[in-house]
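Protein chains in written order, with the numbering used here: chain F, 1 to 270; chain R, 271 to 552.
FYI, nobody ran anything at the bench for these hints, they're computed from the structure. It should be emphasised that the depicted structure is a prediction, and the values quoted were computed from it without experimental measurement. Don't take every hint at face value.
[As the list claims (entries may be wrong)] Partial list, derived from the structure: chain R residues whose beta carbon lies under 7 Å from chain F:
(1) 361
(2) 363
(3) 419
(4) 423
(5) 544
Idealized CB from N, CA, C, for every residue including glycine.
Residues per chain are reported as follows:
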Amino acid sequence: MMNYLQALFSNTTTRRGFGAIIIFLFIWHIGSQLDEWTGYDLLGIGLVPPPVDVFTAFLGVMPKTGYWMSWVASFSRVITGFLVAMLVGIPFGLLLAVNRYFRGVFFPPFEILRPIPPLAWVPASLIFWPTNEMSIAFVTFLGAFFTIVINVLGGARNIDISYLRAAQSMGASQFDLFWKIVLPGTLPSIFTGAAVGMGITWEVVLAAEMISGGGTQGGGGLGFFIWSSYMGGSLEQIIVGMISIGIAGYLSSSAIRKIGFHFMPWRRLF
Amino acid sequence: MAKNTSKTEKKGALSIKNVTKIYDPTGVNVMAVDNCSMEIAAGEVCMIVGPSGCGKTTLLNAIAGFHSITEGSIHLDGELLCGPERPKAEQSAERMVVFQHGALFPWKTLQENVAYGPTVQKALSPSQAMEKGGQMLAEAGLGNFIKKFPGEVSSGMARRAEIVRALINNPKVLLLDEPYRAMDALTKQIMHESLLETYDRTGVTIFFITHDLEEAIFLGDKVHIVTTRPCQLKKTVEVKIPRPRSYETQSSEKFRKLLVEVNDAVHEEAVKAFKAGEREMA
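Okay, chain F solo, but in the shape it has when bound (with noise of 0.2 Å):
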């Protein structure tokens, strides 16, 4: 373990990242301050819980099983909507792609239905499926989605046209032009599909907590941890939420980097 931790605190990278995060933890503690030391706020900024009474508004809360489900609870719903999101809208948008037939027909709809925002349908499913469960799901799915589908039919189009010339002088038939060319020279733009689809899928699910009441799961989730954090007056409370989704959005992203590195070795910088 203390290997562990020498090696990474051995990296630049890390050390500039914890060096700026206690940067920025001790600016915040000063502006929470500013009021009580110089008897000026700076723009409201004094009425700020200081990082100190932030964590122990997460001592408080961290024992609690509610917490933590809320944890499972919105973790479990951003992933399922994106992975859904991912198996729907990557084949739809390859087909939109590759077949002006397919395009012909699906692409207006889908261009109808884009622009609407997620958030906006949240009324409807609540009316339009049976549990709130699923519509929190439905919506999350909404919004990983469209960013997929968009990323992948753009990225395909967007192939070199001499990497497909070379590919059929070469003698490649359809198959292979599929799977060797347009598939992983879609790759890169699937993967940008997946980082944003993925930012999408928190902002929707958290927005669906607070709407919905946390549906039926045992801890209602992030979103809702805000909103009754909110109900109930914690500002540290609610900062101890904002700061638990920072994290978990940090944590889906970072996870979708490595997938990426591990499926595009060609691609160095991501």
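Please arrange chain R on chain F, whose structure you already have, making use of the hints.
Frame of chain F; chain R shown alone:
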């Protein structure tokens, strides 16, 4: 068609007859190639020189089968590629293109790139294709880089690998569209030597588009100078410098004289093209 039957029985005689290509993208007819004819003997290095945007690439695309032609015909070794009955030639591994901007698949290593052709043609098993690809890359001096992705090697190496990828398919004709355009003079020199070496080894017919006159004379058996749009054959200069050629050739008296001859012809067309461009802008 009389087949060229020299001692090694070279293949890849191209006969371009009265080819015309009219693009009609927006209802405005643009004549890219107008009644252009040229004969390219089997195993010849044929250099096409002309002003930018004159329709050279259109001609190459017609031979490769990427685009149709409007009139005329193109034959390869006496067989019809495209003509009145069939405006667009079929794409085939007997005519391999090396693209202007390079088209190695970025997601495959150099070795996998080279092995792609024989694998999809099922000419070799995947492992045999990989082995042969590695061998051919090593012959081209890329033995240490076969496991690298195209993004990890220099543009010169990538271009050499791309030529290897074309040659593994045993093409009759190699079609090169300004492959060394963005390279510095030193890299170009090395590329030229490597291409000549490859040519001496394989004797493949080479159809090579370029703007670089010295390159054209240094590499070519014949230099075809074409007019500004629409593209027509203006003049053919035969380069009677014996092979194998080395870079010292470029300082010879003969080379200089040919350069002046080609330059005069091209300059006239370049001025015309420039004036036409000015008119279009005005």
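Against the structure, the hints come out as follows:
no.	hint	result
1	361	holds, 5 Å
2	363	holds, 5 Å
3	419	holds, 4 Å
4	423	violated, 12 Å
5	544	violated, 29 Å
Violated hints, in rising order: 4, 5; the structure is consistent with all others.
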